[in-house]
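Trainee: Below, each chain spelled out in residue letters.
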Amino acid sequence: MDRRGSTTREGFAVLGVAIRREPWIFTLSTLGSLLFGALTVADAWVLGWSTDHVVVPAFENGEIGNGKLLTVLGLFLGVAILRAVGIVARRLGAGVMQYRMQAHTRRAVTRQYLSLPMEWHQRHPTGQLLSNANSDVEAAWGPIAPLPMAVGTLAMMVIAIAQMFFADLVLAIVGLLVFPAVIAANLAYQRLASPLMTRAQQLRAEVSEIAHESFDGALVVKTLGREGEEMARFAARATELRDVNIRAGRVRAAFDPALAALPSLGVLVVLAVGVDRVLSGATDAGSVVTVAYLLTIVSFPIRSIGWLLGEFPRSVVGFRRVSAVLEATGEMQYGDRAVAPSDGGARLELEHLGYSYDADQEVLADVTFGVEPGRTVALVGATASGKSTLTTLMTRLVDPDRGRILLDGTDLRELARGELAGTVAIVPQTAFLFDDTVRGNVTLGADVSDEEVWAALRDAQADGFVAALPDGLDTRLGERGTSLSGGQRQRISLARALVRRPRLMILDDATSAVDPEVEARILQALRAKGTGATLVVVAYRKATIGLADEVVHLEDGRIADRGTHLELLARSPSYAHLVNAYEQTEPVEEGSLAGETQ
Amino acid sequence: MTSGTRMDTGEEMAAFETIRRGVHFSPELKDGIGWTLVLAVIASLGQVVVPIAVQQTLDHGLNGPDGPDVRFTVLMGILAAAAVVVTSLASYAMTSRLFTASERGLATLRVKAFRHVHDLPLLTQNTERRGALVARVTSDVDQVSQFLVFGGLIFVVSVGQMLVATVLMVVYSWQLAIVVWLCFAPLFLSLRFFQRRLSDAYGMVRRQVGLLLSAISEPVVGAAVVRSYAVEPRTQARIDTAIEAHKAASTRAQGFTAFSFSLGGISAGLANAGVLIVGIWLGFAGDITVGKVLAFAFLVTLFVGPVQMGTQILTDAQNAIAGWRRVIGILETPADLVDPGPAGQDLPRGPIDVRFEDVTFAYPTGPPVLRDVTLHIASGTRVAIVGETGSGKSTFAKLLTRLMDPSLGTVLLDGIDVRMIAQASLRRSVVLVPQEGFLFDDTLTANVRYGRLDATEADILASADELGLGDWVAGLPAGLATRVGQRGESLSAGERQLVALLRAHLADPDLLVLDEATSAVDPALEMRIGRALERLMSGRTSVTIAHRLSTAENADEVVVVDRGRIVQRGPHRDLVREDGSVYAGLHASWVAQSG
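Residue numbers (the numbering used here), protein chains in the order written: chain A, 1317 to 1914; chain B, 1387 to 1981.
No lab work stands behind these hints, which were simulated from the structure alone.
Check each hint, because a few of them may be wrong.
[To be verified] Label-pair distances were calculated between CB atoms; the ranges are:
1) B/1619 - A/1640: 23 to 29 Å
2) B/1828 - A/1882: 43 to 49 Å
3) A/1381 - B/1561: 21 to 27 Å
4) A/1670 - B/1750: 22 to 28 Å
5) A/1640 - B/1864: 24 to 30 Å
6) A/1325 - B/1576: 40 to 46 Å
7) B/1828 - A/1774: 40 to 46 Å
All values derive from a computational prediction rather than experimental measurement.
Backbone N, C-alpha and C fix where the C-beta goes; we use that ideal spot for every residue, glycine too.
Can you make the complete structure from the sequences, with help from the hints?
Mentor: Dropping the structure here:
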């Protein structure tokens, strides 16, 4: 594949996307640029006119009228002001176009982030996704800034070329040899710079990934005193980025002056040939002057075309990376069925569920059980027995590989978008809080009164510390709620589920960071509510398990047994071992089997 | 810094101060700057020489009094060509050098800032938006780099050209040179005003970039919650707001830029008219010829070009300087946990003796979390700290491991004030296992080895066996080579805690602090680990914070914290008998739940 050609072509294609999207602003800024170009020429004309009609006569006559001086002043200022208008239109236009395109693309990219399935997210590092929505978008639309100037220059060039041909054909052809030379220089530049730019953009994303991960793990880094190692890890990539940037810079350092030198050399060749032609009588001195002057005029702005082309490799790479996100497929499919409206709990049925993260690693196998409306089921199992995976299937964060899950008789996959969330609420093990107020974190934008928010916080035992926050419900929690403790985050997350009055609530060890007294009060509140909601709880503590009408005991992704807590205790040694672990160390104290009567 | 929790935004720093501080942090920027400037002068001279040579050739070579002068034309042509070649070479050398110096300097700055983020107080790390912190070491630095290598270069050349053009103007006519400078004076004087406006506008842009990154990170990091609560529209709305705010701030800044840049053109028009008008008056006085006035008009164009370029660069510089300020802002935020440096003492190996003397701790804006805590933990004992959520247990752990320093009082390890212990020695001997053990997106081996960098796979397997986790490791799809995913999310919360424990065990500390370190593990496994840890704790001091009181039952001593004070201490068997005490209450509810 011809890389150079394709980069330039792709670069123009990327610009085409922007122009089609924002034709009016593009037109406005280009007109501004043309106005600027025309007035640059007009400037020379005003100087000529003033020389011929004011300055020279003034020197010859030894006197001058004020009117003429004012005309000179007016002409120069008028041209200058109009030119300023042109500049503002061009620059502001280019800016607005660039920022609008950035905004369009960022909206599209983040919409993808929101619609692509969890599996896709798990495959893509956070830093990379942040980089796609930020620096790649910036890179993609980078060439818009020099675009209007380049288009204006192009127009000026066309006019200049026409004038050159009008003045003298041979000299024009000699002068125009500059353009293919410029194009050749550009192609050489693209070929050399493109791979470096690609690498640099990749490295930028990697640097961002490392920074993000490292700052996320700041506590661990600090507690183990690994700042030095983290710095070394970051420095390795940052240094590589530096070296690639320097290499790319050297290529640019060679290219820029070459591009500037070509028109100058062209002028010199035109003069040399011109002198010869004037001597041989083929042309007159005036034509040589005109051609040389026109070449000089376009020699500076021609660089703006160079700047435009110079942005292409970075732009193309950024656009490709953004496109990869935009073209990613695998959006979760929804059906069109609704959950029948009901005040009571929902019925949940799991039929022969199977799920694997990869081919040879089965996480869940043949899981079948049902939960009748309003009943409470506890999922009990050792660490890594598949409980959390099961909850992600129930909330359709992922779809099972085999089997199906029915909510009130309907396969989750047949439900319309939003239906499931309207019925089911999950409280995950690790609470995620938004950079928002307490109220925002609980309601998530739903139309809920403050009384209801407080009621939910009360049931989650979070009302006390929320009331003590400086601004109560209006206190901002900071990114991911890092200003709160783990237990406080869990309780806000619990209130978020409670306030929605779900018909099926799933608690995935959702009170693990809460101390026993508080947890006891939460459980009491849940039970006292008697909302009729169906409840699935992943739990270890007997008080929690004691709430359940039925216990499903998971072992290595399979249902080992199910029944009431007492039944399982009686017939399953592995179950008893798991849930009685705390008493086993202190068999004599406090009559440790008391809980089993619950 | 005012509150102690927020990071220095550096926004008050003036532009020159920013550059001075910037160069201080990136000394490479000064490397060989002398030669670079010499090359810049040569390059800018060349850019003036070429048009003058062409002008001369046209005037004297082609339109000479005796028809075209071939000799003169050829001579000037060769001269000009030589100038072009020299200029290009000088320009290449200068640009390369600028690229090298700035990229080197900025890489240093980037790494320093990254390192400093890790040295910031825990509280600052927690309150700052993660995305904004990342932006400071990524896009803010890129912004500076773009400016230094392109803007900086053109600025240097422009100033050079301006000076050369001024010298030439003065040679032709000092009076007219003054006229030109007077016409540009309003522009130069108004620059300061515009720079301030622009600086504010671009400061706003950089802040919006941070907020934008933060908003974008929500659907990425919180993907599961966003999906399960179907709050995609709301999340999108929040992102859209951030995108719009960023666009508005950028557009506003661009408006200022365009306006201030256009002023240069108006000054140029004024200067052209002024030269002609004053030139005519000077002509009347007999001070100047018409030829000189016209030649001068040509010189003005040589002056105007670089002035416009220069002002444009200054304008663009505001964006870069805003970015630079934010990076420097990190470095200027004091690190709270200052390493004592060479004066730092090393902890002797062996179980550590812990003393808290009248320790009080309060967050910058809040009431004290711990008050007047005085406590002695003898070396080799196993202590459990219990208390309700919010009683100050975790704060105790953080002070003990010097993640924070007390507001009042002293924490002593082996009789040494923790502030005087060399960080390397402290981190080697004291290890905290937090509740949420963060994992890096790497293999299990790499994550565990984080605790001891020279550990072999055999060491890791051996310590897994010691903790009773051998089966668990063997049961993972690829054993120790299993990749844990981002933030360890391929593992369950309980498994992540196991990795963190393994990591800490491998680190072989003399004081081990467990802060709810097994809260997400199943009871059977927790008890198994607990027993293993007990065995392994012999010969060390351990402090365990747990709300599962089974841990407290097995400890040598229990310390009960209530509302920031120690209210009870002693062995479990004694405390539980103190009727109506805080501990008896905690224990009763624990029994009610687990038994």
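Trainee: Hint by hint, note whether the structure agrees.
Mentor: How the hints compare with the structure:
no.: 1; hint: B/1619 - A/1640: 23 to 29 Å; verdict: holds (25 Å)
no.: 2; hint: B/1828 - A/1882: 43 to 49 Å; verdict: holds (45 Å)
no.: 3; hint: A/1381 - B/1561: 21 to 27 Å; verdict: holds (22 Å)
no.: 4; hint: A/1670 - B/1750: 22 to 28 Å; verdict: violated (53 Å)
no.: 5; hint: A/1640 - B/1864: 24 to 30 Å; verdict: holds (28 Å)
no.: 6; hint: A/1325 - B/1576: 40 to 46 Å; verdict: holds (44 Å)
no.: 7; hint: B/1828 - A/1774: 40 to 46 Å; verdict: holds (43 Å)
The structure does not agree with numbered hint 4 stated previously, though it agrees with all others.
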